[in-house]
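Here the protein sequences come in this chain order: A and B. One gets the working numbering by counting positions in the first sequence from 1 and adding 17 to each. One gets the working numbering by counting positions in the second sequence from 1 and adding 17 to each.
Possibly wrong hints are sitting among the right ones.
One copy or two, either will do: identical chains are not told apart, so a pair holds if it fits within one copy or between any two.
No farther apart than 25 Å at their CA atoms in a straight line, the calculated lysine to any residue pairs in the SDA-like style are these [to be verified]:
| id | residue 1 | residue 2 |
| --- | --- | --- |
| 1 | 330 | 266 |
| 2 | 362 | 69 |
| 3 | 179 | 337 |
| 4 | 286 | 22 |
| 5 | 330 | 374 |
| 6 | 154 | 124 |
| 7 | 154 | 346 |
| 8 | 103 | 239 |
| 9 | 179 | 267 |
| 10 | 286 | 19 |
| 11 | 330 | 265 |
| 12 | 103 | 121 |
| 13 | 65 | 21 |
| 14 | 179 | 19 |
| 15 | 172 | 115 |
| 16 | 236 | 124 |
| 17 | 286 | 180 |
The set of hints was computed from the structure by calculation and includes no laboratory data.
Number of protein chains: 2
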Amino acid sequence: MNTSFHPTPRTLMGPGPSDVHPRVLGAMGKATIGHLDPEFVGLMEEIKDLMRYTFRTSNLLTLPLSAPGSAAMEAAYANLLEPGDKAIVCINGVFGMRMAENVRRMGGELVTVEDEWGTQVDPEKLLAALNDNPDAKIVGFVHAETSTGVCSDVKTLCGLAKEHGCLTIVDSVTGLAGVELNVDEWQADVAYSGTQKCLSAPPGISLITFSQAAADRVKARNTPVQSWFLDVSLLMAYWEGGQGGGRTYHHTAPVNAMYGLHEALLMVKEEGLEQSWEKHRTMHASLYENLSGLGLEFVVDASYRLPQLNLVKVPEGVDEAAVRQQLLQQFNLEIGAGLGAFAGKVWRIGLMGYSARQENVQLCTSALRACLS
Amino acid sequence: MNTSFHPTPRTLMGPGPSDVHPRVLGAMGKATIGHLDPEFVGLMEEIKDLMRYTFRTSNLLTLPLSAPGSAAMEAAYANLLEPGDKAIVCINGVFGMRMAENVRRMGGELVTVEDEWGTQVDPEKLLAALNDNPDAKIVGFVHAETSTGVCSDVKTLCGLAKEHGCLTIVDSVTGLAGVELNVDEWQADVAYSGTQKCLSAPPGISLITFSQAAADRVKARNTPVQSWFLDVSLLMAYWEGGQGGGRTYHHTAPVNAMYGLHEALLMVKEEGLEQSWEKHRTMHASLYENLSGLGLEFVVDASYRLPQLNLVKVPEGVDEAAVRQQLLQQFNLEIGAGLGAFAGKVWRIGLMGYSARQENVQLCTSALRACLS
């Protein structure tokens, strides 16, 4: 016979989920109310406002999606792209590859701009692709590549795309609240993120925002969005209300997950966005000093390294999986394995949101020292 | 400045979400662990087994989806249907209409079988449509129509479809654990449900199962599933493991929601599936007696009425919205409004899962008496 599940508490320093703040866990466990309850409707309004603060945007079309970050990526392409539309996707890791896969599956015409894993998206290459493809309608790229720990230059890339008349799709699943992102100032048309990284909430929900230009593109579609579930026009009839002011039922919102998201966003606002970025820098500097002291090397160049996600080379002769297993079993500490081109070669050590604490840095340092000695 | 959200505890007797059991809320608030943690992998195995018990199936391809029931509907069609495939969709309420919309958006050839709202799907009409459309590949219908409170005859409808070589898609979002469903014995090929009805868990997650024939159809596709997020072959590489036995990362599972789903399914098993059905019948009988005593009429014929979702006629001259508002404000009791053809004409009173309790029946009765007197 099965029994209730009692997870062993872990310290989460992988690529996500990160440690969830106790306040957020407490919020998740509050009594469920209806998704059309006036109190819940009030919560929805607050969530949208807090999202605008966190994304630094005044976009009306700003809402959470009832599914994780990869569904937000799909929603971005599903709403902006029509079959036959040309999209330029910049690939420098797993999530750029996933963007390309989305364009392919949706019948878009795909142009890729590829950069080596562990390096930034190269603006020169994007510029060349834009010049070669004057008919391109969309440029997509990843702000903070979770597979490589690289931060790309959102401002420059969006600027180039806009100069060439393209709308931009910016994946900031691992970026939001960890490193600077200014959706309005930097002219990102669609940006999205997840809950389980620098927001310190459990995985399951994503956050997405559409500029007016992106919203206009959706409105001007000739074909319906293939996905009913991710059709942002239908979603907004629930999240924003229709012309008559009434909210139209679309799907039942994940009420308790929204409690968690609200609390997590509130905590970002209480801390302050700049302070959150600064915290991630400070904790990274501390981890860098400590792990360098153990002789470990960081993969990504300091000038574009994400402070919240650190790729560390596995030393010669070390069984990387055995070390991760020992960390988990002996210290209840989770760090991440390498993905794709980096599989077996690196560890991914996250310092995201509530995981970005001095006690985590110290635990990780001494536990790794024990495993490697 | 925003503050933490403190929802007023409600009694949820609408069409869902229903009251969430405290054990499930407690599970949702437990510490988040990684989605690849061996403990979480063990939980995934238990969830699949408990799902098989609840669906009465031995289907290998049985897994939760990281999104609500309407995403499960989309997943069913997205995986089985290829552009140009003919699908017969039976419509007797909102969710049949939604199925039809899914087929349209996916480029399928749609044949509809329509029955009046408040009545069952008519097997004779389905039979005629099958005879008229020997090239149809899929038959979809709703087991328990949340918009009307009607239970259709899954066994008969699936039997007819199978005799004509069609795969079946059965929406049991409101049905599962509330009324009998035998996926294997009744030959349902794809069946899905949600967490927020008779399972007494918060909304946000869905449950889906594919027969071997359905899994074979997916494998034999000529075109990729348009939705990367809902591609069941990719999902199974994470939920079941690949040929090498390893589990492949697809998206980050909603860890805490899975804790809740596990606890909810465990409680169904502890209670026993037959006992759960019986509980819903008993509570329905009690509600029926009480509300009939108030002079209220039930919309749906007793022979196919869902015990867990009761459509009650709004008496002549009564402002239905005002009554619902009074119930919420004065008694913290939520009941549902009518949808579509029934808007303004009925209330929907749910007795699902943890909401199917004698104390809820009594509260609803006396509160309605107070509002209507």
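Do the hints match the structure? See the list:
no. : hint      : verdict
1   : 330 - 266 : between (50 Å within a copy, 21 Å between copies)
2   : 362 - 69  : neither (38 Å within a copy, 39 Å between copies)
3   : 179 - 337 : neither (43 Å within a copy, 51 Å between copies)
4   : 286 - 22  : between (33 Å within a copy, 15 Å between copies)
5   : 330 - 374 : within (22 Å within a copy, 58 Å between copies)
6   : 154 - 124 : both (14 Å within a copy, 24 Å between copies)
7   : 154 - 346 : neither (49 Å within a copy, 50 Å between copies)
8   : 103 - 239 : both (15 Å within a copy, 23 Å between copies)
9   : 179 - 267 : neither (33 Å within a copy, 32 Å between copies)
10  : 286 - 19  : between (41 Å within a copy, 9 Å between copies)
11  : 330 - 265 : between (51 Å within a copy, 22 Å between copies)
12  : 103 - 121 : both (10 Å within a copy, 24 Å between copies)
13  : 65 - 21   : between (35 Å within a copy, 15 Å between copies)
14  : 179 - 19  : neither (56 Å within a copy, 35 Å between copies)
15  : 172 - 115 : within (22 Å within a copy, 40 Å between copies)
16  : 236 - 124 : both (19 Å within a copy, 20 Å between copies)
17  : 286 - 180 : neither (33 Å within a copy, 60 Å between copies)
Violated hints for the displayed structure, listed by number in ascending order: 2, 3, 7, 9, 14 and 17.
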